[in-house]
Every structure is written in structure tokens, then in C-alpha cells.
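Construct the complete structure from the given sequences, taking the supplied hints into account.
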Amino acid sequence: MLKTLTNKKASLVYSAAIAVSLMLGVMFGAQHFSSPASFANEANIPTPAAPAQLVAATLLPEAKALPEFALENHRGEIIGIDTFRDHWSLVFFGFTSCPDYCPLELQRLAKVLNLMGKGEALQVLFVSVDPERDAQEKLATYVSFFHPQITGVRGSNVALAQFSQFFGAAYDRSAIVNGKVLTIPAGINLPVDVGDQYQVNHSTRVFIVDPAGAFIGSFAAPYEVEQMALDMQKLMER
Amino acid sequence: MLLAGQCVAQVQIENAWVQLAPPAAKVNAAYMQIHNPRAQPQTIVRVRADCCAMVMLHQTRKDGDRVFMDHLDQLVIPANASVQLAPGGLHIMLMQANRKLTLDSQVQISFDFDDGRTQDIQLNVKNTYQ
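Protein chains in written order, with our numbering: chain A, 18 to 255; chain B, 384 to 513.
Since the hints were derived computationally from the structure, they do not count as laboratory data. Please note that the accuracy of each hint is not assured.
Label-pair distances were calculated between CB atoms; the ranges are [to be verified]:
no. : chain 1 : residue 1 : chain 2 : residue 2 : range
1   : A       : K197      : B       : R429      : 44 to 50 Å
2   : B       : V428      : A       : R255      : 19 to 25 Å
3   : B       : S488      : A       : S191      : 26 to 32 Å
4   : B       : Y512      : A       : D213      : 22 to 28 Å
5   : A       : G134      : B       : W400      : 37 to 43 Å
Straight-line distance between alpha carbons at most 27 Å, and here's what the computed DSS-like set of lysine-lysine pairs gives [what the hints assert, rightly or not]:
no. : chain 1 : residue 1 : chain 2 : residue 2
6   : A       : K155      : B       : K409
7   : B       : K445      : B       : K509
8   : A       : K197      : B       : K509
The beta carbon of each residue, even a glycine, is placed where N, CA and C say it ideally should be.
This is how it looks when you write it as C-alpha cells:
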């Protein structure tokens, strides 16, 4: 039953891949087929009684390799695509001056890390989209409070906008200047006259990146912490 | 303790607390349940706090995949009803603190109502993140 379902799903995925390949040309198509498809390991599912179906996660029709990027982690080191290699990652976008949503989300992600209990096999990246207020030291103090396996990430507005756009994690900042709402789009440095009291409207999704550095899916809020942990376990065992 | 108002309490407050902000975060959120026992709605038009120069009523709102914080100019507590200020929803945002809030801190929040009355509430600081 499960097998039939996944086969159907897989064939859908491949049909989509073929369609895309035809559009993009043979070269690019070959790349798609060689990338590890999420159903490639279905033969390795341990027992039929342990379905690998995901409850909370939504997988992309096909994995999307991350482009090269240059951001900074909370230890002040420049990070790029290598930061995703050899372990699974959950990526969340927010800001530290967020009193309500972000700390709740980081608390949930810390619980997932604790439930997983797999040391370095899973990491969480908290990407601040508010670099003007979130200096490196501040980010370091903030993320360490929640869990040692949470890495704070910051960068230039341009680099952050590109990185978040890749995931489809739209954000902007809005301030009230002279009685009018001023929206500062992603990628734009904060104008000086905005001061430090403003809102950051950001994505609520938690994005999944595999150890090959490919974006494979996401969790849409609200999700259950236990379900996220179970789904990650299934993905990591594939 | 929670009803230490200067005048007769207009609303009943339960489970009021200030969330200890993670270190480095300069904003705190306060949560509580506000019950209006009267037969008429009551409207809070201003919120003040002794710890902070800037206090705002905010509503966390999810729209699609994005989260926004809406600023509320006032908060209406319907007649014989309660309004819940809770994590992930309505909250009082405490900004520009004049002292660092710790687990030992006491915060007084004052509600100004549209009829000119004021009600003070004493809150403890809690850490529910760890």
C-alpha cells in the first residue's frame, strides 16, 4: 500500500523533473536526475510496518541545491555552503528584538534538538534578518541561551536578502517615521532616521537542508515539536 | 497581589507575568488574562509600565507564511468576557527598559481606561523558555 503510494508519488516527481528538464535543456536535466531524489532510498525502508511518511514536513518536488553565499556566524566566522555539509540543518529566519514569536520558535527548535539527541547530526540555523540591531556578540548571547547547537547567522542586507529569497522566506521591516509607515524591503540598509524601534515582518517556516547542501522541504507553523523530531528522524534515516 | 489597584479594580487580572527576555534581547513581553465583570465593554486606551519608557499593545498575526506584529491603539474588553494575552498572540511589548529585568524584578503595569480611570497591576518575571 505504502509502496504503491510512494511509487505513484515518485513517478509524479519524475514526470515533473522530466517536464522541467525538457524546458531547461538536456544538460540541466541530467543534473536534476543525478541529484539525490528524496525517494531514491525507498528500497532501503527497514520494514513495511515503519512507514517513512512525513507528518509535519512538506517536501519540495525536487531538492534545490543551495547557491554559494557568504554570511557570518555568531562566532564571527564567515560561512558559506560548507556550513551545511555532513549534517542536516533546520533554518529559521527572525530577529532578536522579537519579543513574542522568535523566542517561542527557538524554544521549539531547541526541544527538537533535545528530542533528537544525535549530537552534531542536526543543527539549527537562526538567520537574523535585522543586521543593524543584531551585532555578532548580541546574536551569540541570544542563540546560546536556547541551545548550543543553534548557530546564529547574520550578514549584509544584500546577502541576507539573496539567502532568504532562495528559500522563499520573504521579509521586510517597517517603521513609523513622521507618522507614516515606512516599509524597508529586504536587501535595503536601514535608513538612519528610522532609529531602533521598528518591526521586522518575517517568515514562519522552518526550512530543511540536507547534508549535500540542498534545500529539500520545510515545516509550516504551527507544527508539533514531536512531529518535527519524528519527521527529521525519518529523513535522516533514509 | 494582582489586584493592587489605586482605585476599584475595573478588570480582573489573572496569570499576569513578564516573560524574561533571552539575554541580549532588549524587549520583554507581558501576558495575562483580563476579565471584564461588568455589563458594559471597557476600553484600555493606554498601557504604561514603571520599567520601560515605551509600552505597546501588540498582536502577533500570521498571514500565510509570514508573521507580523500589529500595533493596537486600544484594547476593548467585551462585557462579561475575557481577553487572553498569551505567547504567540496578544501581548504587551515592553521597550526601552530603564533597568535590566531579571527573575527578581517586579514590574508595575498601568492600564488607562477611556473613562479616565487607571488600574495598576504588579507582575513577576518568569522564564518559560528553559
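Hints, verified against the model:
Checked against the given bound of 44 to 50 Å, the beta carbons of K197(A) and R429(B), roughly 22 Å apart, lie outside it. Between V428(B) and R255(A) the CB atoms are about 56 Å apart, so this pair departs from the stated range of 19 to 25 Å. Between S488(B) and S191(A) the C-beta distance comes to about 30 Å, which sits within the given range of 26 to 32 Å. Judged by the Cβ atoms, the range 22 to 28 Å given for Y512(B) and D213(A) holds: they are separated by roughly 23 Å.
At roughly 31 Å, the beta-carbon separation of G134(A) and W400(B) lies outside the given 37 to 43 Å, and the hint is violated. Distance hint between K155(A) and K409(B) is fulfilled; the C-alpha atoms sit about 10 Å from each other, no more than 27 Å. For a cut-off of 27 Å, the pair hint linking K445(B) to K509(B) stands: about 25 Å separates their Cα positions. Among the hinted pairs, K197(A) with K509(B) is inconsistent with the structure: their alpha-carbon atoms are about 35 Å apart, more than 27 Å.
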